[in-house]
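Quick mapping for you: the protein sequence lines, in order, are chains A and B. Positions 24 to 1027 (the working numbering) are the ones given, in order, by the first sequence. Positions 29 to 480 (the working numbering) are the ones given, in order, by the second sequence.
Everything labelled a hint here was simulated from the structure, so no lab data went into it. Keep in mind that the hints are not guaranteed to be accurate.
Unchecked claim - Which residues of chain B face chain A? A few of them, derived with a C-beta cut under 7 Å, are:
#1 S307
#2 N328
#3 P346
Claimed, not checked - In silico DSSO-like pairs for lysine-lysine, Cα to Cα no more than 30 Å straight-line:
#4 A:K183 to A:K267
#5 A:K770 to A:K103
#6 A:K555 to A:K47
#7 A:K770 to A:K830
#8 A:K103 to A:K284
#9 A:K81 to A:K282
#10 B:K122 to A:K683
#11 A:K100 to A:K342
#12 B:K161 to A:K830
#13 A:K830 to B:K429
#14 A:K135 to A:K358
#15 B:K185 to A:K683
Since this is a predicted model, take the numbers as computed values, not measurements. Glycine is no exception: its CB is placed at the ideal position from the N, C-alpha and C atoms.
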Amino acid sequence: MKIKNYFFLGLFFVSSLLMAQEKKISGTVKGEDGLPLLGVNIVIDNTSKGTQTDFDGKYEITASPQDVLVFSFVGYKVIKRTVGQETVINIEMVSDNTFEEVVVVGFGKQSKRKVTDNIASVSSSDINNIPIASMQGALTGKAAGVQITQINGKVEGGVKMRIRGVSSISSSQEPLYVIDGMPLINDDESVSEAPINPLISLNPNDIESIQILKDASSAAIYGARGTNGVVLITTKQGKSGKTKVSLNTSTGWSEATNKMKWLNAEQYVELFTEASTNSYGAEDTWLTEEGGYFDWMSNGKDWRTGEVDTDWQDLALVKGSVQEHNFSISGGTDKTLFFISGGYNDTQGIVRGNSLDRYSFRGNVDHKISDNFRVGMNTSLSKTKISRIGTDNSFSTPLQAIAQSPLTPAYLDDGIVPNNETSIYYNFLMQEYNGNWEVNIFRVLLNTYLEYQILPELAFKTEVGYDNNNQTEEYFAGSLTESASTNGYADANAIQSDKYSISNYFTYAQTYNEDYDIELVGGMSFEESSRKRQYVAGTGFPSDDLQTVASASEITSGTSSRTKYNFLSYFGRATFSILDKYLIKGSLRYDGSSRFGASNRYGVFPAASVGWIISEEDFIKDSEILTLLKLRGSYGVTGNAGIGNFASLGLFGGTAYNQKSGLSPVQLGNPDLKWEKTNQIDIGLDFGILNNRISGEIDYYSKKTNDLLLNEPIPGTSGYTSITRNVGSLTNKGLEFVLNTDNVMSKNLTWKTSLNLSTLDNEVTDLPSGDIVAGRNIVREGETISSFYLVEYAGVDPANGDALFYKNSVKTDGSLDRTTTNNYNEAERIISGSPYPTFMAGLTNTMSFYNFDFSFTLQGEWGASLYNEGGKFQSGNARYEDNQTTDQLDRWQNPGDITMVPQARMYSTNGQQASTRYLEKSDFIRLRNLSFGYTFPREVTEKFSVDRLRLYFTGINLLTFTDYSGYDPESSYDNNGNSNIEKGITFYSSPPAKTFTIGLNIDL
Amino acid sequence: MKKYNYLPIILSLLTLPFIACDDNLNIEPEQNLSPEVATESPANVKKILNNIYAVARDNGSYGGGIALASELIGNNGSLSWNGTYVQPAEYNEKAILSDNSFVESIWVNAYDISNEANIVLSSLSVFTDEYEKDVTEGEAKFLRGMAYFDLARLYSKTYVPGSQNSQLAVPISLTAVLDASIIEYPTRNTLEEVYAQVITDLTDAYNLLPDSNDIYATKYSAAALLARVYLEKGDYDNARAMSNDVINNSGAELTATFDGAFNNGENSTEDLFAWQVTSQDASLNDFSTFWAGSEFGGRNGNPDLGITSQHFNIYDDPNDERSLFFYVTSRGTATAKWKNQFGNIPFLRLAEMYLIRAESNFRRSTTIGDSPLDDINALRDRANASLYNSVNLATILMERKRELSFEGFSLFDAKRLGANIGSIASNANRLILPIPLREMDVNPNLIQNDGY
């Protein structure tokens, strides 16, 4: 460096001698938004003389008239100015639309133009300011072929992300999440069956962009974990220039997207009195007599005069609220960039007693030690506190209150103590009154890197990542709750899971004759994940005010455990581009994991892709209309390693009988266990018309997964119920279509539309072990995975009110026997629907008009069904004493009645068995989010030193269009939230929130 | 500039440790042992044996599940089902579906017992101490025999003494399954075959087990269970011999009061075998869950299984302690037999042996050990009920009800004695459990019971 500088100094002297008329020129460089730009390069053309702008965008340079000043800055068009007589030259830089968009890929970046993969990109503007606590929730509807569903309305609820369908039956169906190059811990650590979204501790406002690697060509570089797609998250970084301070604050309220209609007290009395009469005769007045069952329920209130009519639904589904405050400070110089942010989110859920608050902090720094040596660190800390409620399958969960009778008062006469004396089921209000369930999650993410440019064309990068997820869950149920018999119960569960990853790789990039580009990437990575758990439970508390296990008179249960797994991987990728037209890419990953059997520890995952930028060909190059036309195709192999850490081993675990130790066989071994491999073909066409005002992608993919890792059910007579094997295969095929249009691009009005459509056809193509039936779902060869397998309901016999079912037994000629029967055991189950949509669409419109901006996303899914496992209780023509949906009033009453609701017979089964009676199509279109903003004119805000002030309104799930009659077409049972086969089941599952917020963005 | 040039070399060197770190991929589980280690020593094999008791005591099986099925399917109106669970409601309605998860638990647990017993029995060669080996073998066979006996009674048509009994019962599986290659898809054995297996196992256990064995199965646990099996088979000679052996030789004595036989933390003097329950158990105690009021750990039905007035018709003396062994809750009357959530669950009580001996002697017109009258009066005396001057079969069977109600005998006694349950004939298909749907789905060689 120094030698060069002296050289320049020398030159400078020489030139100054030669050019005596030179003078000082100064000025300010600003962007289109009027903000000063820092670090703009200013060079005198054809010399090495130059400078850079400072924090205020100011520069100073000595030049002579006729010299040409060249202003350049990344992302902006180069501006040249010939020096004349003036001494001040102010420049407004114009951003460069033709600037090649860069996308993040595994272990590197690539020009979007030359990408031969299918990658969906979502930028910060798409997801920021959406007041959803979970990062995934903000992505819904934004990417083709990506289905994102929050399990139900609980704030911490698990989120399912399915990229291009479901590729596995028994191992993980979740994508791999990678943040700033580091694979994330994504294990649900909930102590109950209801999952907690493991990514809930990430603040979505820190995200700069998300790339979803969908095809094998892009995902295969992540080898054994690429099958379900890879989500690459890049966090925000400062830009050189003026330090930017941003504040975002919003507040709002929420409510359930939908409520159902339940019988009121009068209707309840009518229906159940009739049901009892039908079962026991009118002379048996056990319900209505003095001191009868209804009197008992009413607990001293007079139901006969309508003194009590409890709306339990309104007690369970309440008004929620959202508050979000974020700030960030970012900026930097040409050497150092930084981004600091802090965030606070407080979400009070719409299900009573459910809330979340999260504090998060992020600091990202990138520093150039020298021209060829960079270091950086991205770090984030967050603390998330969640107040939980019971799983959908617990009486203590609020929404199960809809089963209570409207005759039962919610509270005792004092109005404070919940009435648990005469409720049919445990009164959930007791949990709020006398219990507590809190989760605290501490998450630390740390990622440091060193990058060294060994030669201009050869770089080396080493990254060390660390992820620590520390979760404590504490539960207390006092002496009045379900734990009354033991005088209270408390437990505490602590999880420490951490993961470190090291990756080292070289990148070689060279251009020959300007026509041939080559890029090579090669390296290795090692990851180790470990998890520790401690748990203790106790009963017998001296006081309901003492709520930790410390006060328990008896410790009833305790455990601790440790487990570990790791991955050792080598990878390489070669990318060629010839004449900017012909693109070829190949990659190879070699993965080893401790999770697999000794005989199959390593797997090889190759991928190749080609692209042809047709629009660069001479015959079309000058087309005014067609700006881009690119054909691409890829093929590759990815794996799925999402199984238990020791799935290949035969295992015995510790147990106890009479407090003496025992050993129990817990798992059958299979040393041949190996990767689940997926071969995926993708053919795509990218196009851009009219200077890319209309652009889009069309893709067809076919994904075939072989050697399925299957928890294959085996006869219980063996002493076990399942074993993990590599058997069978399934395919996912689909078409994806993305269209982006700039409908209007005038100075004061812009309007952009983005549409994505995708189809999905899933089929289990080979299942040598035969059908796997789990609950209401089946995995069967030739059918969609997890298809519903149910007896078909045939309505009601008009003659006697009996529920009828189609027999559907296979006749000798192969056809189904379509006669009906009232004997359920005579009816056969048939495939009756699928829990997965076959068609999905997302439509986002973004508009700005003068200082107003407006955007909304509509999202729809078609082809899926939901089975209501609670239907037999909720809509079971008064078989159980549970309150019923009002449609049950259409019950059969007299011979000749035509209805779908059988005669009400209390305590006598008539149509409540599992059948298609409780299966419903769940197609929907939803106004997923909408925002409307107003930015105050700069002239006004400048007076207060504010660069930008925007006031906005945002709404989430404002409208839902659906024929589905249950709570919500997307809400499903969380008690088996991690089951892969039992899908599309709902059971007292709460609807999601409909949220309205008002917020302010302030940039200083 | 130059001074940085060695850095990439150092950094590249960092990668070297990992190139040679294949060993890192060998991670041993910290909570589990391999099957080889688990079966390599007498100490470990005995730990597996201990676990079989835990599996059997599971709330789905002997911790309440089997008794619940028997009492509710056998309910003729003496019980009222107040609970919210669907599975017991199906029992009570005698409209059981094959996907009933309680039915599945009984089946899966029984075969878990069977397989773990098979594992223990196939590992006996590691023992060097003959006594220890015999006891281990005896206990494993006791547990296996017990499991098949209850499977046969629940999933098969009733045993008809003196006939072929070729009706399908349940598959007998005697292979120890320790790796995936030995998984079988068996067919159902006949009832005769299953009973033969049960009697072989229990007789072996009787011959191998010692007189006392802590809280584990003893010689007289096996004898008492054999007495129950023979009675079920209508083999009164053997039932009499076994019950007489137990009464004379086991050293067990009726507790001083009826109350003393229940809700004990330690086995009582009349327990020939009891399931041990502690507050630390992984599994609930379903006797208390379903039969106790909520203040004693019962569910919200308070109690889920209420005792109706009809039940009280069986008592003939108001002073009979057994007729007073109840308590009233907010929603009904509960039996006091299952008040202690963490109390032991009596499985083979000496009182049952008196009843078996009395019934067998009466049916065979013998008085081996003692007369039926004396045996019945022994129980009545203990319960503070007036003594009889004479007994007949009806009074003996009625005494059996008074003594053993709510302990899981209803369905089996009704079937054995050919007594209708309400209007349902004792041999009706509805009174037989379906082969669990999961099992039918997995194993094509199974044939479903009639009526399902």
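Evaluation of the provided hints:
1. S307: holds (5 Å)
2. N328: Holds, because the Cβ-Cβ distance from N328 (chain B) to chain A comes to roughly 5 Å (cut-off 7 Å).
3. P346: This hint is violated: P346 (chain B) lies away from chain A, its Cβ roughly 26 Å from the closest one there, beyond 7 Å.
4. A:K183 to A:K267: violated (36 Å)
5. A:K770 to A:K103: Cα-Cα ~25 Å, so holds.
6. A:K555 to A:K47: Cα-Cα ~66 Å, so violated.
7. A:K770 to A:K830: violated (67 Å)
8. A:K103 to A:K284: Violated - the C-alpha atoms of K284 (chain A) and K103 (chain A) are around 70 Å apart, more than 30 Å.
9. A:K81 to A:K282: violated (60 Å)
10. B:K122 to A:K683: violated (39 Å)
11. A:K100 to A:K342: Violated - the C-alpha atoms of K342 (chain A) and K100 (chain A) are around 51 Å apart, more than 30 Å.
12. B:K161 to A:K830: violated (55 Å)
13. A:K830 to B:K429: Cα-Cα ~42 Å, so violated.
14. A:K135 to A:K358: Satisfied, since the Cα-Cα distance of roughly 26 Å is no more than 30 Å.
15. B:K185 to A:K683: The given pair, whose Cα atoms are some 38 Å apart, is violated under the 30 Å limit.
In the structure shown, a violation is registered for the earlier hints numbered 3, 4, 6, 7, 8, 9, 10, 11, 12, 13 and 15, in ascending order.
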